[in-house]
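Asker: Residues per chain are reported as follows:
Protein chains: 2
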Amino acid sequence: MAGYLDARPRVGYFYTGKTGAELLGDKVKHITVKHYQSRPIVVQESASVYDAIVTMFLEDVGTLFVVDKQTTLVGVLSRKDLLRASLGKQALESIPVSIIMTRMPNITVCQRDDLITEVAKKLIDKQIDCLPVVTEVDFGSGFEVIGRITKTNITALLVDLANDEVI
Amino acid sequence: MAGYLDARPRVGYFYTGKTGAELLGDKVKHITVKHYQSRPIVVQESASVYDAIVTMFLEDVGTLFVVDKQTTLVGVLSRKDLLRASLGKQALESIPVSIIMTRMPNITVCQRDDLITEVAKKLIDKQIDCLPVVTEVDFGSGFEVIGRITKTNITALLVDLANDEVI
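Note that the protein sequences, when read in sequence, are chains C and R. Residue numbering for the first sequence is 1 to 167, as defined by UniProt numbering. Residue numbering for the second sequence is 1 to 167, as defined by UniProt numbering.
It is possible that part of the hints are untrue.
One copy or two, either will do: identical chains are not told apart, so a pair holds if it fits within one copy or between any two.
In silico lysine-lysine, DSS-like type, Cα no more than 30 Å apart, as pairs [what the hints assert, rightly or not]:
1. 69 / 80
2. 122 / 34
3. 34 / 69
4. 29 / 126
Think of the hints as simulated: they come from the structure by calculation, not from any bench.
When you get a sec, could you build the whole thing from the sequences and use the hints?
Answerer: What follows is the structure, given as structure tokens:
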């Protein structure tokens with residue numbers, strides 16, 4: 001009976017004292033990043049702003065992750081960053097993305113076992129659209145990107161919750 | 001007891017037969033657009049692409065609505081539309097937004113009493129970031145924009161649901 005009633009010998013059913021919202025909380029709090037993450041799209045730090053914009057359109061994503069030659073995360077590029085850069089007078093082919101990207105350690109990250117509600121809170125608090133899902137490499141000195149989680153994933157979760165299709 | 005138990009004279013409490021997910025559905029299905037909408041940011045259809053980009057940065061939004069002189073909705077501009085336009089060779093000051101915007105009737109709209117779950121579904125199905133909240137004007141021949149609802153609003157709703165702060 002979904003946690004509302006419990007049973008004891010010689011007592012019978014009793015109300016567990018949990019409210020609907022508490023149970024909803026319990027339910028949502030079992031959903032982690034790995035259930036809803038998308039695949040990450042990355043560009044090399046030597047790529048030009050023009051290449052990054054083309055990649056963004058080809059892959060139809062709102063955020064790109066920038067990696068170095070060891071595929072370690074070094075930066076994040078949003079549509080906003082690219083739009084700002086494209087207003088400048090310089091040729092976009094000649095500007096490397098490393099000039100305009102948001103750099104580590106100013107990047108908020110998450111891991112695949114983090115709660116989706118915690119990630120949603122980070123997205124709202126930091127006013128960003130997307131978090132990279134990472135694993136630590138080199139004894140914690142760097143991160144490898146293994147996924148991305150966006151407001152689109154969170155919206156899809158709400159649709160699943162309303163349709164009662166949540167795992 | 002949140003809908004799980006009901007009472008009858010001479011029977012006592014009984015289980016209503018609703019599952020936790022059904023009650024969650026019941027709960028979410030009372031939340032409408034007006035509880036979570038943001039204010040809309042509009043530009044005139046005569047504005048240039050450059051003006052639109054500047055407005056987008058000043059107001060820090062991802063979507064602008066384009067209106068005619070009677071403040072009727074005629075188009076929508078996303079960051080993606082503006083980024084695409086900025087790749088062209090033409091001066092952005094000389095291109096009016098009406099050339100690059102998505103036009104009526106290809107715009108998906110919603111109203112303030114629509115369910116937030118329906119709006120979330122539209123955002124996912126149509127792969128868009130934002131819907132204008134509208135009211136009909138001129139006997140249904142046009143729409144006036146009174147708000148916007150974005151994936152950010154939906155993410156904020158999920159945070160409220162997890163914190164048990166939903167109205």
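Asker: Against each hint, give a clear statement of whether it holds in the structure.
Answerer: Structure-based check of each hint:
In this assembly of identical chains, residue 69 and residue 80 lie within 30 Å of each other by CA distance both inside one copy and across copies; the values are 25 Å within and 29 Å between. Taking the shortest Cα distances, residue 122 and residue 34 sit within 30 Å of each other both inside one copy (16 Å) and across copies (24 Å). Taking the closest pair of Cα atoms, residue 34 and residue 69 come within 30 Å of each other only inside a single copy of the chain (26 Å); across copies the shortest separation is 48 Å, beyond that limit. For the identical chains of this complex, residue 29 and residue 126 are neighbours both inside a copy (21 Å) and across copies (28 Å), given an alpha-carbon limit of 30 Å.
In summary, the structure agrees with every hint in the numbered list given earlier.
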